Amino acid sequence: MKKAILVIFVLVLLVATVLGAKYKIGLSLSTLNNPFFVTLRDGAIDKAKELGIDLIVVDAQDKPSKQLNDIEDLIQQRVDLIIINPTDSDAIVTAVEEANKANIPVITVDRASNGGKVIVHIASDNVLGGMMAAKFIAEKLNGKGKVVELVGIPGTSAARDRGLGFETELKKYPGLTLVARQTANFNRAEGLVVMENLLEAYPDIDAVFAQNDEMALGAIEAIKAAGKLDKIMVVGFDAIPDAIDSVKKGEMAATIAQQPYLMGQKAVEKAFEYLKTQSIYIPVELKLVIK
Amino acid sequence: MKWKNILKKMKEYPAIVGFFGIVLFFSLLSDRFLTVSNFVNVFRQVSIQAVIAFGMTLVIISGGIDLSVGSIFALSAVVMASILKGGSVFLGIVVALLVGAVMGAANGIIIAKGRIQPFIVTLATMAIGRSLTLVYTQGMPITGFPQSFRVIGRGEMLGIPVPVIIMFGLFMLIWFISTYTKLGLYTYAIGGNETAAKLSGVKVDRYKIIIYVLSGVLSAVSAIILTSRLNSAQPTFGTGYELDAIAAVVLGGASLAGGKGTVIGTLFGALIMGILNNGLNLLNVSPFYQQSVKGIVILIAVLLERET
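Line by line, the protein sequences give chains H and X.
Each step along the first sequence adds one to the number in the UniProt record's numbering, with nothing skipped, and position 162 is 162.
Each step along the second sequence adds one to the number in the UniProt record's numbering, with nothing skipped, and position 224 is 224.
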């Protein structure tokens, strides 16, 4: 009797797993403390629902050590694929390698991994975004004026790439001078304080490029308090809802749009494609060849 | 003879000496530094950290520590912000202070009645507070407040910013408490020797709870100021503020072993941190070096104090 029950139990369990054989994907995010990544997560969740994928989301709270633990946990759960949004491009390498060793494919989003095997990296081009900001400012100022840059968390790839793009493009306009470059750590409160200080040091600035919208919004509060909103143009990055409102109100001049929702969707879509076909289609830009 | 007296006084308040030394240093290097508008600016910025540090001063004198101030700051800010959105400024402020008081009371009660080290208790409540903030906001900032709320962060009276007035008001209050009241006297006694205080009939538990409530409420006051200044409440508010507050208190001459410290010292400790930030920004020092400069200043200050 006992044996029969056991056999039935095992059979039911087997049938259940076969019927419910859908893909299980892990999504490890750098932080859910920032609207940008919350939107990215929402995009991923919605896409996963649509495709019938089990999505497990873990939040590293911006700590590389916690992210490694998170990913080890996902490996333990035998997920079919892991999508990683690294807290740090170097610190993540160990985690990627561990996933590789367990034969679990890895996709990175927004920030890349500096090592290990990653099947595809999904991100907007931060260097290009920085260049767009510089070009916009140069056009608005007719190529002449004093510019200030608010830097994100020093050492992160986003800060590096956006700064690189911005400064490279700015050099093309000899009339524009970058009078100061200070960090506000991607943080709104720090953007306020740093901008207040910079306004003391350089009362005649014409434009501010903030490497993210949080810092830009803080800077705008400082500029407003100084009564200089009509004289100083602020350009942000990310296009978070607050920033879009600010642009509509005419306070922020522009923000470079990243599309976090789309990024989340794309990542899950590519994961699904890979799991089904064991291959992935990566479009490569066409090039015009002339004699 | 007179010089000796002055020298002695200087040694009693190393933070004040340090403050003027740093002011002199930056004045020589930047012509934009020593201006009225820049000093108004620095005091307004410092008010946020100083108000939290005032509460931390009492906590540290009593031999405790409060790591949860940054989380209390964040939670009271976001809860208040959601009420402000509904239009009620007064209610929002009251609730913010209440959140601070309740969190502080929780700290105090667990520390006093549970006989657990303050470091561990507040480390735990720091994590819980941050988590509650994230749950409450779902990771999103809260914005869109009535215009009248902005007076707190933006307003001025006789050319002095409201945050600075609040800071000095609270400074006077905590200074009065620590020098003239039973609570102040017992705070030093508990920090000096808790057993002795208890044996001489001091209701140690009750005073400990009051001290942590004060610390929580002051964090909430600080949160109200910053929320008004930024016109938004962020779930990331206050991260790392506990370290800034502790640094200000220690720079001000307090001992982490308890029993020693002054709120005047703390005020100047906070001013040193603020002026370093401001001066390094003004001089456009590379972000990569700024943290090192701050760390070195803290080390020098503490080393100098050991001499006395």
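It is possible that some hints are incorrect.
[Claimed, not checked] Among the chain X residues that face chain H by a calculated CB cut under 10 Å, a handful are:
1. Val42
2. Thr181
3. Ala257
4. Lys260
5. Asn277
6. Asn278
7. Leu280
Quick caveat, the hints were computed from the structure, so don't treat them as lab data.
In this text the structure is predicted, and so the values were computed from the model without any measurement.
For every residue, glycine included, the Cβ atom is placed at its ideal position computed from N, Cα and C.
Going through the hints against the structure:
no. : hint   : result
1   : Val42  : 8 Å, holds
2   : Thr181 : 34 Å, violated
3   : Ala257 : 31 Å, violated
4   : Lys260 : 31 Å, violated
5   : Asn277 : 7 Å, holds
6   : Asn278 : 5 Å, holds
7   : Leu280 : 9 Å, holds
The structure fails to meet hints 2, 3, 4 from the earlier list, while all remaining hints are met.
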